[in-house]
Amino acid sequence: MEFNYKDVVAKVADCLVRAGSTFRQDKKDAYKCAIASEELERAKWNLETILDNAEVAERDRSPLCDDTGIPHVFVEVGPNKCLTGAMMKAIEEGVREGLKELPGRPMAILGDDKGRIDMSGGISPNSEDLALAPFLIKEVEEDVLRVHILMLGGGPAIRGITHRIFHKHNLQVVLDEIVNRAKDATRLLGCTPCALAVGVGRSQFEATALMMEAMVYSDFNKQSDMEKYITDKVNESGVGPLGLKGKTTVLATFMKVGPQRASGVRVVALRPGCCFEPRMACVEL
Amino acid sequence: MEIRTITAPFTDEVLSSLKVGDIVNVSGTIFCGRDAVLPKLVKKIENGTFDETGIDLKGGVIFHTAVSRAGVGPTSSNKAELEGTMPQLTKAGIRMFLGKGELKDETIQMFNEYNAVYAVIAPVTALLNSKVLSQKCLAYPELGMEAFYELQVDKFPCIIAAAHGERLS
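Chains as they are written, first to last, in the numbering used here: chain Z, 5 to 289; chain D, 1370 to 1538.
Please keep in mind that the hints were generated in silico from the structure rather than gathered at the bench.
Beta carbons are placed, not taken as given, at the ideal position from N, Cα and C, and that holds for glycine.
Possibly wrong hints are sitting among the right ones.
One-sided and incomplete, this derived list gives chain D residues near chain Z with beta-carbon spacing under 8 Å [as the list claims (entries may be wrong)]: (1) 1438; (2) 1439; (3) 1440; (4) 1441; (5) 1445; (6) 1449; (7) 1456; (8) 1471; (9) 1479; (10) 1505; (11) 1507; (12) 1513; (13) 1514.
Here are the computed lysine to any residue pairs in the SDA-like style, where the Cα-Cα straight-line distance is at most 25 Å [to be verified]: (14) Z/32 x D/1373; (15) Z/104 x D/1413; (16) Z/36 x D/1504; (17) Z/104 x D/1482.
With the rest of the complex left out, here is chain Z:
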């Protein structure tokens, strides 16, 4: 399949910069609602500061956060579209160009397997050396080839949990365990308010892929009953913006439930996305 390599690189690079520097309108609206509902002055001030920061970052096309995140690519492929290895190479090159432009934090760890684990191999000084995570590819009904770039920060990775829950044939058991895990995670995160991302699947891989999909299709204006329940229960903790108390610990929950195993176990991936997540943008190729 023929395609314009330079055009794909440029589009993907621009997409990455937007992902790292822009709040979507639905997120801005969610912040404005939260500011209006907070009674504690410092909670309001924290939320306003985060929103002010988003305006400056968008205006300057500069990073929302100094932890610019690890680039993750999610590709939607329509019925008559094709994603070739050459296109994947162009997307990879676009990610490198985007990291140079943003600029991404230089945090690629050098060295062999052992050196990369304990960091004895050092850190590359080049933003663009940060490798992207493995591609996620999804077949969709819409006839598009659409690339989503998500920039996943370290704080939520520290506090995220992928672990089984024994459901006991009771939905409430699973929801309440997600709430308990999220309460612990948000209390320690520091960068609240969160956008919780949840995937429920049959294996660790599937649950995590579903969690990524939940972020890709996230909309702060659309919350299912289960998502709203989780958000409301975690907000009862009162952790608040930046962990300094208040009503807004979680702005929204994004949950994707996949096919399930005929057994007593559900594998749940939970990511307490920080105040900037889902930090993402998309582009059609």
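Given chain Z, put chain D in place with the hints provided.
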């Protein structure tokens, strides 16, 4: 809302006047370090070689952040490498840690012994970048963004989250 500006390094008088919940702007000289470099500095303090660095920590601020082309922003202060280094760094003169996340009760009590405080700063890199006047690497340049830096800053907005043995509640 009127926000008070305090200039680092701090005197005991300034530190004593800070209360939990105060929103303040921090200006002046602040140090920056995180997971990789702070344990190395603590090792120097413990083995008596810190003076060789020529760095004066008295009344100082340590911002738990990397310093890179992307800017600055707080990392979680409750990570073992960070919260675990607070006692020695405080003993050596540091009087404010800037970061994010909840600290242990024993850490907050330790601060009280030295009239030190913990302030939370939002991860608002785009805003903070506009307030950095200059930056200089002081130690361990080989650590790249994780080296020990000194910044001159103008009005970093933060909230006092722990002071005088109390925490925000």
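Verification of the supplied hints:
1. 1438: holds (4 Å)
2. 1439: Hint on residue 1439 of chain D: holds, closest Cβ of chain Z at ~4 Å, below 8 Å.
3. 1440: Residue 1440 of chain D check passes; min Cβ-Cβ to chain Z is 5 Å, inside 8 Å.
4. 1441: Hint holds; residue 1441 of chain D Cβ to chain Z Cβ min 5 Å, cut 8 Å.
5. 1445: Constraint on residue 1445 of chain D satisfied, holds at 5 Å.
6. 1449: With a minimum Cβ separation of about 11 Å from chain Z (threshold 8 Å), the hint on residue 1449 of chain D is violated.
7. 1456: Violated: closest Cβ of chain Z sits about 20 Å from residue 1456 of chain D, beyond 8 Å.
8. 1471: This hint holds: residue 1471 of chain D lies near chain Z, its Cβ roughly 6 Å from the closest one there, short of 8 Å.
9. 1479: Hint on residue 1479 of chain D: violated, closest Cβ of chain Z at ~19 Å, above 8 Å.
10. 1505: This interface hint is violated because 17 Å lies over the 8 Å limit.
11. 1507: Hint on residue 1507 of chain D: violated, closest Cβ of chain Z at ~18 Å, above 8 Å.
12. 1513: Result: holds, 4 Å to nearest chain Z Cβ.
13. 1514: holds (6 Å)
14. Z/32 x D/1373: Roughly 28 Å between the alpha carbons, so the hint for residue 32 of chain Z and residue 1373 of chain D is violated.
15. Z/104 x D/1413: violated (36 Å)
16. Z/36 x D/1504: violated (34 Å)
17. Z/104 x D/1482: violated (46 Å)
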